[in-house]
Amino acid sequence: MSDQPVDYHPMWAELGLDLPMHDALLEAVGGMYGATFMSQTNRPEGMGYLDFVMSEVHGLRIKELHDFRKAGGKVVGTYCLYVPEELIRAAGAWSVGICAGAEWAYDEVEQILPRNTCALIKSMVGFKLGKVCPYLEEADLLIGETTCDGKKKAYEELGKLQNLHVLELPQMKREKDLAFWRSELVDLVATLEELTGKKVTAESLKVAIKEVNDKRRALQRVNAARAADPAPISGLDSLLAVQVAFYDDVPRFTQMMNALADELEKRAADGVGAAAKGAKRVLITGTPMALPNWKLHELVEKAGGVVVGEEMCTGSRYYEKLVDEDATTIDEMLDGIAAKYLDINCACFTPNEGRIDDVIRMAKELGADGVIDYSLQFCGLYEIESTSVDAAVREADLPVLKITTDYSAEDVGQLATRIEAFLEML
Amino acid sequence: MRVLGLDIGSRSVDAVWVEDGRIVDWAVADSGFDPGSAAAVFVDRGAHDAIVSTGYGRHGARERFGGTAVTEITAYGVGAARLFPHASSVLDIGGQDTKVISLGPGGKVTDFEMNDKCAAGTGKFLEVMARALGFTLEEMAEQGIAASTGVSISSMCTVFAESEVTGLVHRGEDRSRIARGLHESIAKRTLGSLKRVRAQGPLVFAGGVAKNPAMVALISEGFAGEVLVPAEAQIVGAYGAALSFER
Ligand code: SF4
Ligand code: SF4
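From first to last, the protein sequence lines stand for chains A and B.
Start counting at 1 in the first sequence, then tack on 1, and there's your number in the numbering used here.
Start counting at 1 in the second sequence, then tack on 2, and there's your number in the numbering used here.
Next up, chain B with everything else stripped away, as it sits in the complex (with noise of 0.2 Å):
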């Protein structure tokens, strides 16, 4: 029984196909214009018995490809908890969204938190700030890391904060710094969604952001527990939303 696990968001469509609870293969593309046409590729492989699908698009694929849908809360705390047994809590930012897991016994979900309103602190933030720096996301990551100080930046707001650095810039203020305190201000922001909803460590830090060495370094230094990122943190949802076939 081979099961297609597809995470459909508005930035990236993910693909992971198991069997056994093991990862047979996988692949990401770009959600595009219409995300459900770039599933469409991965479902015409036809390389499944079973689909289950996650993500804003979730409804969507299901209508178009039939099988079942969960909740991106319900298949990253199943991926999650998969990955790591021991894991206690889940982190997931994505390109547009945040959203904090706590796991009970069985790594089943108690609580969570979510913020898919507004880009605050997501990927795409980042991605607007490295631009107004006239940095890539890794050299942003690289002089983040470096930098033994940050400015602080008062708005979580993309638009107010782009307008904010772009003024930092034109001070003078050095871009290495800024880049610390960009980073260092998403910490602090989903350090404070983690206790609300009481995480304990170890903490699973998942989605693209997760990727970022310079998020994992401050989330790692602010939060009282473990904090474990897998391999692939991208894909911890399709692979969440494949094994909740099972379930």
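Same shape as in the complex, but just chain A (with noise of 0.2 Å):
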């Protein structure tokens, strides 16, 4: 690395960003960053790598997507733990993860979409629309899905300004709704081979579920090493990783992932601790906390709790299921994978069962002393849900914090003063 940091704006420019509201984004995404997590201390020396890689997250990451282009390459952007990341790398594109948990343009956005939209849809379409994505303007596919009904009709909308194709999901687990998904991700196979001009074979598939899996194997280990008490690593430093995940090449984030694993392991057997020990542990459930929506974490642990785990797309959804290595066909990948996608417990399913038990497990695992259940103002489908989620936790005898909320920061007080007493209570 040269000591004079590299220009992108050229990059950004060639992009069609908008170029002073792009700075303005990173100017506050950085502040942010520092603010919320360059002020921790006792963290692990393995974040060094995502301290650097978020330095860098429309810098050297970008270049990379670019040049791979430039190449020939094609990248893929998604939106939902439902699109399987190894189609995409099978079929020889590379997939990226579009973040969606900042507000931004909501003054354009809210021309095309209602007030009382859910933040993340609402920034989906605002960073299309005030064109500060550069992941976003990299992708020459986007792959939305049919999970909640706001996502569903806003890819409607961005699908005006961009390429992109609509998994149908169904919304239960039956025998016939696996085989329909298994058609739907047959069809997104041959898509995605139009796409890059390459087939997908079972070699090159074979790969991309292993390479896969080792991400999510590297995460697990990262995960695990958090039931230790002092826990080695922070919450936030955690979701971190798993935010990261979505957008990181695959083979030197599982590498960086299996070095953090290793010190953390350390750590807990030294009884090393990011927070102190006998710290509040606190386990969150709910939506999903897209880049770079740090909120709820920092406020639990500015207060002095530590989380411990998150049930969630940024979370053990991503990691904890692994697609089946052994198969050798194309056809047996294909079931394999359409099995491990379709058994991800998101509220869109009825019934969602699944997710409690998970839940539950989790907080056993991980020491957890409470539960907060996150959601996202005006998802219907997680606010709903909590009633019976939160009902089980109560009855596992752990105490529940119902909290709802959105990306501004109009009611951090109020929620510090909710956290706060949460943790009193623990």
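Keep in mind that the hints were calculated from the coordinates and are not lab data.
Here are the computed lysine to any residue pairs in the SDA-like style, where the Cα-Cα straight-line distance is at most 25 Å: (1) A/K303 / B/T112; (2) B/K110 / A/L416; (3) A/K132 / A/L26; (4) B/K126 / A/A417.
Join these two chains into a complex; the hints should help.
Structure (structure tokens):
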């Protein structure tokens, strides 16, 4: 690395970003990152990698995507956990999860979407309309899904602006749903092959399955270490690891996370913590926290608690389940991929009892003292599912705090008091 | 060992000096523009060995005066449970916020809900409505009790409810019935929060609004268990903060 920072403005201009607004965004995110992450103490050394990745989030990583595309590669953007990264990689493309974790260009968004749309969807559209997301502009294809109604309809608007393929996701998990879901994946393979001009073969798919599973295994190790008291890594840092997993280079990220896991395992054995021993331990369940949404973790940890797990798409749902690696034919591999992905426990499904089991099991495994049930405002699915989740958690003798919020800072004062009170009661 | 409990709220600053769990002195001041300075007057008396602050100004007070801080939820829970050892729940309606707390064995907080985003249903709401009706707060409560039926008020938002009340007055609606309707709408909303945290009796009703006889009557009527009002309902938070020192 040279001392002189590289000027990426020409690259961003080439992508058609709104440069002044993009500068403002980078400055805001950089400031938030400094205040939220760099002020933490006793961080594992391995976090240096993620700090670096974040400092280059619109720089070096975009350059990699840019160069890859110049050499003929294709980039595919996704918004949901149900889109199999394995298929994208097997077709020779790279997958990037598009963030949608900050308020942006809401005035423009609200000309298209109702005000009472969840922050994730508004942000997803806002980053496109505001022309500030280089990942979106690098994407040769976006993949949407029929998950919640808001997203489903918002994709119609997004599709007017960018090349988009929508996967139809079933809402139940019966045999016939699995068969249908598998057929959707077969169609996706055809779309991807057409995009890249490369065939998905048994060899390429086998490699992709292994690579993505390895990434999940590394994250499993990182997260298993959090069961120790004192927790060897903060909730903020662990959340960041999963957020970065969505867009970083897969083999490199896996290697760095395994190194981080080695360090965490050693810290756990030596009793070294990022939080104080005996700090109140919280498991968070609910809607995803897309980059740079660190609001809840920050509040909990500033109040002296420590987040020890996330039962959410930016958490356990991302890394807990693996795709079967024993399959040899493409057909068998597709079976395995369809089954693994349909097994994710999202509130879009009915019933979704698996999620309740996951929450309670994780709370036990990670030694949580309480559970925070987090929902983005206007997310009907998760807000309604709260009723049964919270009842089951209470039934398991764990206190639960329900929080409904958005990306704004308007309610942080009130949330801080509620969270402090919750930690005091644990 | 004498502990000073400070409850620094948006409307008032309450101070309680506690020794061996008993209140030896207490005082209340208006928050004014600078609640910190209002609190400093109590601290400057120098009659304490330790300070515990609570209320929305707790962190500022801790930085300024030292000591520790606890949230209002913990403070009210501890204070109410010490005043009434058999209490199972707490309701606090203050100047600008409302909290409901469920207590487990030993006065431990098991669940809570709070509203401090807007003035709906708080002391501030009652003040604004009394003004719109041309009553003092005391008169409004008396009239509310005297009226046998209330006019239903559709809005809980202070701004909307105020124009609703003004409209009703202009249409010649009986002011006592409006007064009753206003108290009833707050009671209904409060009883809903109590249900959500599964509050059981006996319920300790604290905070400035607990001094309002119409509210006490309506909450007692609507709540399934016994309702207890401490003699000095306003200082429960400060008392609880001071008691938290031992914990
Ligand atoms: S919560 Fe559901 S819809 Fe949202 S990203 Fe996760 S799986 Fe997809
Ligand atoms: S948080 Fe809820 S409403 Fe928002 S995109 Fe996810 S499922 Fe849809």
